[in-house]
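Participant: Residues per chain, in single letters:
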Amino acid sequence: MSAVSIKNVSKEFKGGTKALEDIDLEIEQREFVSLIGPSGCGKSTLLRIVGDLIEPTSGGVTVNGKPARQARHDHDYGIVFQDPVLYDWRTVARNIALPLELAGWDRNRRSQRVDEMLDLVELRGFGEHHPWQLSGGMQQRVSIARALSFDPALLLMDEPFGALDEMTRERLNAELLRIWQASESTIVFVTHSIAEAVFLSTRVVVMSSRPGRVSKLIPIDLSQPRSAATREDPRFFELATEVREALHMGGGYDMPLAATGLSEGAT
Amino acid sequence: MASVAVERPLAEDAPVKRARRRGLLLLAVLVLLWGFWEGFRALGIHYGWQRPFTVDATSMPHIHDMIWALFQRPNPEAPLLIVTLLKAAAFTGREAALGFAMGATGGFAIGALLAHSRMLQRGLLPYVVASQTIPILAIAPMVVIWLASVQVTPWVSVAVIAAYLTFFPVVIATIRGLQAADHRAVELMRSYAANRWTVLWKLRFPMALPFLFSALRISATASIVGAIIGEQPSSIAGGLGGAILNFAQYYSFQPQNLWATNIIAAALGIAFFLVVVAAEKLVVRRAPEHVA
Ligand SMILES: Nc1ncnc2c1ncn2[C@@H]1O[C@H](COP(=O)(O)OP(=O)(O)O)[C@@H](O)[C@H]1O
Ligand SMILES: [Mg+2]
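In the order they appear, the protein sequences are chains A and B.
FYI, in the numbering used here the residues of the first sequence are 1 to 267.
FYI, in the numbering used here the residues of the second sequence are 1001 to 1292.
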């Protein structure tokens, strides 16, 4: 059973923007799939359709063999946005516990799980802080802990590290891989950084824009587990180049090289 | 992993220092006001100012005379003025508190209803607004007569009049506040398949609290005004409204008594306001940019 199965999905917004056209994509259990493409090509739209946050104009999505709506009601996925979207009147611990509260977990079980999550994202001791007392990177880790707290089979991440500096981003990349390996989950990850996509993924989905389509699927055969050394592996550069070329073939990718995250060390 | 140092005030005596600074500031303002009043009065009398009003001992009694009056008996059989006024303030305060509670609850309920449905909002909000254009002086006698006909105690009728003056800001703030949650925060709730009630209590309501408290600050003082005005048609003599009417009649002989009453009424308003501010401090835990 595929973790996510996207069949013939098209999306046209009111006003006539064709965001997605005929998307077909199968994502297997335990995969780490990155969606990459120029800004405005419909990555977020596709992710939100998978999460049943919006509906496709045509076509269908199943998650773990169920219609997307059913999967949402069954809490089959956790989602992480570009902004942490923490509720600032709640402490860090109570933010992480929010989905557990809604799922009806009792207080003891909640607090036990919150402690585990704080350890997992290395924020032990920050449970009683309020979100605004944390740095951007720490806030995003809270948001990841919240998405993982109820142990969803699928994790949807929409440019979760896009707003962070390069150092923090690389550290959180490594942390995310560790978390993914320790769990049983499948991850669908949106990014516009080539380096990030190649480093993290088992497969990269390259999209092109106007309308958004899948232009190439690139399996990433770098060995697991990945580490700092992976980033210096010649194969890493080959794959990054392949992704970059696919992006340029798709057209509309006018992002300067510096923005791809490859500027350092790529020479 | 290196953790980022979290800034927080460390000095233990910081609150004490802050309180002392605030106290000094308050004192400075009071002294300034006193100086302004007495200075204006002295100049006005010396030069015989007629504008903006004729300045004399009746229009502007000395501030120390107002304070002094608090500790005198208005007539030989009466208790000290301050005793009478504090009793009156307690009476009016009770009316205002009940009115405030009713107005705040009612305003929130109406606001929540209107925020819930755009159609209701379009249909009903104009009437809520219109209700505020009818002067309280026109409404008050009707409320008193209606409620008296169903055996409601007069002071409760006054509370209803105070409620009429308090609910409106709460309605507007509730509508605004309940719709203030951003799109992402709502989407997060949707991802958990949360129902409308859960979204209301776990997201929209906490989001609305700073808006609500801004409105409650206005309502707290408005409830006192409502109670004072409402006492007149209810023929209640024991409250501040009664005291104001009474001393207004004798103004030309003893202007300081009316001014003393005003001071007590203002103090009651400030007390109400401060209670709301204190409640807000206890209840609202928001990022600094969301706190008024
Ligand atoms: N709610 C919406 N209403 C109308 N158009 C939208 C909406 N959301 C996204 N779009 C449009 O759909 C296209 C794809 O957007 P999006 O999925 O956010 O792209 P990406 O995440 O790849 O940058 C863009 O042209 C965008 O303007
Ligand atoms: Mg996007």
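Think of the hints as simulated: they come from the structure by calculation, not from any bench.
Don't take each hint at face value.
[Unchecked claim] For each label pair, taking beta carbons as the anchor points, the in silico distance ranges come out as:
hint: 1; chain 1: B; residue 1: Thr1133; chain 2: A; residue 2: Gly125; range: 52 to 62 Å
hint: 2; chain 1: B; residue 1: Ala1019; chain 2: A; residue 2: Ser135; range: 25 to 35 Å
hint: 3; chain 1: A; residue 1: Ser58; chain 2: B; residue 2: Met1119; range: 45 to 55 Å
hint: 4; chain 1: B; residue 1: Ile1218; chain 2: A; residue 2: Asp22; range: 49 to 59 Å
hint: 5; chain 1: B; residue 1: Arg1018; chain 2: A; residue 2: Ser135; range: 26 to 36 Å
hint: 6; chain 1: A; residue 1: Ala229; chain 2: B; residue 2: Ala1014; range: 45 to 55 Å
hint: 7; chain 1: B; residue 1: His1183; chain 2: A; residue 2: Ser2; range: 25 to 35 Å
hint: 8; chain 1: B; residue 1: Gly1238; chain 2: A; residue 2: Gly104; range: 46 to 56 Å
hint: 9; chain 1: B; residue 1: Gly1238; chain 2: A; residue 2: Gly125; range: 27 to 37 Å
hint: 10; chain 1: A; residue 1: Gln70; chain 2: B; residue 2: Arg1021; range: 52 to 62 Å
[Said to hold, decoys possible] Mimicking EDC-like on lysine to aspartate or glutamate, the simulated pairs with C-alpha atoms at most 16 Å apart in a straight line are:
hint: 11; chain 1: B; residue 1: Lys1202; chain 2: A; residue 2: Asp76
hint: 12; chain 1: A; residue 1: Lys216; chain 2: A; residue 2: Glu175
hint: 13; chain 1: A; residue 1: Lys18; chain 2: A; residue 2: Glu28
hint: 14; chain 1: A; residue 1: Lys66; chain 2: A; residue 2: Asp76
hint: 15; chain 1: B; residue 1: Lys1202; chain 2: A; residue 2: Asp88
hint: 16; chain 1: A; residue 1: Lys66; chain 2: A; residue 2: Glu21
Think of the CB as a built atom: it goes at the ideal place given N, C-alpha and C, for glycine as much as any other residue.
Participant: Each hint needs a verdict: does it hold in this structure or not?
Facilitator: Hint-by-hint comparison with the structure:
no.: 1; hint: Thr1133(B) to Gly125(A): 52 to 62 Å; verdict: holds, 56 Å
no.: 2; hint: Ala1019(B) to Ser135(A): 25 to 35 Å; verdict: holds, 32 Å
no.: 3; hint: Ser58(A) to Met1119(B): 45 to 55 Å; verdict: violated, 31 Å
no.: 4; hint: Ile1218(B) to Asp22(A): 49 to 59 Å; verdict: holds, 56 Å
no.: 5; hint: Arg1018(B) to Ser135(A): 26 to 36 Å; verdict: holds, 27 Å
no.: 6; hint: Ala229(A) to Ala1014(B): 45 to 55 Å; verdict: holds, 50 Å
no.: 7; hint: His1183(B) to Ser2(A): 25 to 35 Å; verdict: holds, 30 Å
no.: 8; hint: Gly1238(B) to Gly104(A): 46 to 56 Å; verdict: holds, 53 Å
no.: 9; hint: Gly1238(B) to Gly125(A): 27 to 37 Å; verdict: violated, 58 Å
no.: 10; hint: Gln70(A) to Arg1021(B): 52 to 62 Å; verdict: holds, 60 Å
no.: 11; hint: Lys1202(B) to Asp76(A); verdict: violated, 21 Å
no.: 12; hint: Lys216(A) to Glu175(A); verdict: violated, 27 Å
no.: 13; hint: Lys18(A) to Glu28(A); verdict: violated, 27 Å
no.: 14; hint: Lys66(A) to Asp76(A); verdict: holds, 10 Å
no.: 15; hint: Lys1202(B) to Asp88(A); verdict: holds, 12 Å
no.: 16; hint: Lys66(A) to Glu21(A); verdict: violated, 22 Å
In summary, the numbered hints that this structure violates are 3, 9, 11, 12, 13, 16.
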